[in-house]
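Undergrad: Here are the chains, one letter per residue:
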Amino acid sequence: MAQHKVNYTQDGGLPVALTSIDKIVNWGRSNSLWAMTYGLACCGIEMMAAGASRYDFDRFGTIFRASPRQSDVMIVAGTLTKKHSEFIKRLYDQMTEPRWVISMGSCANTGGMFNTYATVQGVDRIIPVDLYLPGCAPRPETLQYGVMLLQKKIRANKAGNAQKAKRLM
Amino acid sequence: MRAYKSKDNVQAKAYYTDRFYVAPQVPKQDVDCDETFSSDLEAIKAKFEVKEAYVQVGQMVVYINAHDIYGVLELMRDELEYTQLSEMSAIDWLAKDNTFEIFYQMLSMTKRKRIRVKYFIENGQAVDSVEALFRSADWAEREMYDMFGIEANGHPFMKRILMPYDWQGHPLLKTYPLQGDEFAAWYEVDKIYGKEARDIIGPELRDTARVDRYDSERFSRLGFEVPKGTEITGEEEPHVESYQEEGGVFLVKKFDKESSKVIDDPQR
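From first to last, the protein sequence lines are chains A and B.
So the first sequence is numbered by numbering that gives the first Met the number 0: it starts at 0 and just counts up by one.
So the second sequence is numbered by numbering that gives the first Met the number 0: it starts at 0 and just counts up by one.
Just so you know, the hints here were simulated from the structure itself, not pulled from any lab data.
Fair warning: there could be bad hints in the mix.
To be verified - Distance windows between CB atoms, simulated: (1) A:52 - B:230: 45 to 53 Å; (2) A:85 - B:221: 45 to 53 Å; (3) A:20 - B:259: 27 to 35 Å; (4) B:73 - A:52: 53 to 61 Å; (5) A:20 - B:165: 47 to 55 Å; (6) B:78 - A:64: 52 to 60 Å.
Predicted, not measured: the structure shown is a model, and the values here were computed from it.
Think of the CB as a built atom: it goes at the ideal place given N, C-alpha and C, for glycine as much as any other residue.
Generate coordinates for the entire structure from the input sequences, incorporating the hints supplied.
TA: In structure tokens:
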């Protein structure tokens, strides 16, 4: 006789949950968002703080990877210079689909205070962006909230469909 | 009431407008006021022609001929104990008389003195590299080339250091616009997507401080989010963005905003 208290006669008699393919695939995707470490400036410090134990991204399943081939979401944290712009495009292309981009902070959103010749005026000139986080720099809570909204966005899409091209080139 | 200001471009502007402004000079003293400087100047004068020398803010400034620079710095390093080249670069005087002023800031740790060696070159003229004397001149001369276009003869790796290798223009020239010329404005688009993508991506939006609450294409108002492209009347219902869907998420604990603890003490 088993000592545990599972009542197999409840809920139809079996420890089984029913769901759809869409839901289970999106559940997997949205709860294992592996982020690419893309700290370009001071926003990178806030991104590291969000990953460290006080804010703890691990409980969202967000684990930072140092390789674009292992990551699902690129968190562009910081000022993107024109010299660096070709590398961000190359790294974005190396990420496997489906992939998402979070633009973190004023500099990545619009160029921010760097209204100069050497700064890309918004990372969305180079790669398509899913989520823009305001702030200079955004607090780790903002990034956590952004990741939770991105999870919600992922769950709202059909899992089976190929990701639509966000910019035709 | 505050006076109405146009909101078309609210980007903060520089408070100065004249980029050719020349700051007034602080008083200059004669070199005789300091014994160390006067003996150093005598040692330089014995071998090289010195055009002008004075003491300013406790530092000696020496003007020499452009072709003497390697010899002067070698003399100062080996015999006068000025063992460090703290900094070197150029000053743009192209608008005044089509010249660059090159300066070398020297430091002596034993004498606790600083000397600035200066000379003028014509626009387009190259300077002699002092990289063989001071390793710090390696990157400093590359930066001078990058920012002003002044080449250094005898430098081992005369390439740009800060801007990309295929960049056009020299950004620290006073004639270079702060927000970049035509080449700079389209640099990343041209390089990654090609010139034909210019129409699709569009020009740079330089007014990054602009916020328009009636433009739902590019802005959204926190707590009053509407679908993209909706016409804003100002009578939108406030709505709270939730972390999760109404019905909850499969196998994920429901995050309930109402039952969560809100810390309202800012001094916590």
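Undergrad: Against this structure, judge whether each hint is valid.
TA: Now for the hints, and whether the structure bears them out:
1. A:52 - B:230: 45 to 53 Å: holds (46 Å)
2. A:85 - B:221: 45 to 53 Å: violated (34 Å)
3. A:20 - B:259: 27 to 35 Å: holds (32 Å)
4. B:73 - A:52: 53 to 61 Å: Distance hint for residue 73 of chain B, residue 52 of chain A holds at roughly 56 Å.
5. A:20 - B:165: 47 to 55 Å: holds (48 Å)
6. B:78 - A:64: 52 to 60 Å: Hint holds: Cβ distance 57 Å, inside 52 to 60 Å.
Comparing the model with each earlier hint shows a violation of hint 2 alone; every other hint is respected.
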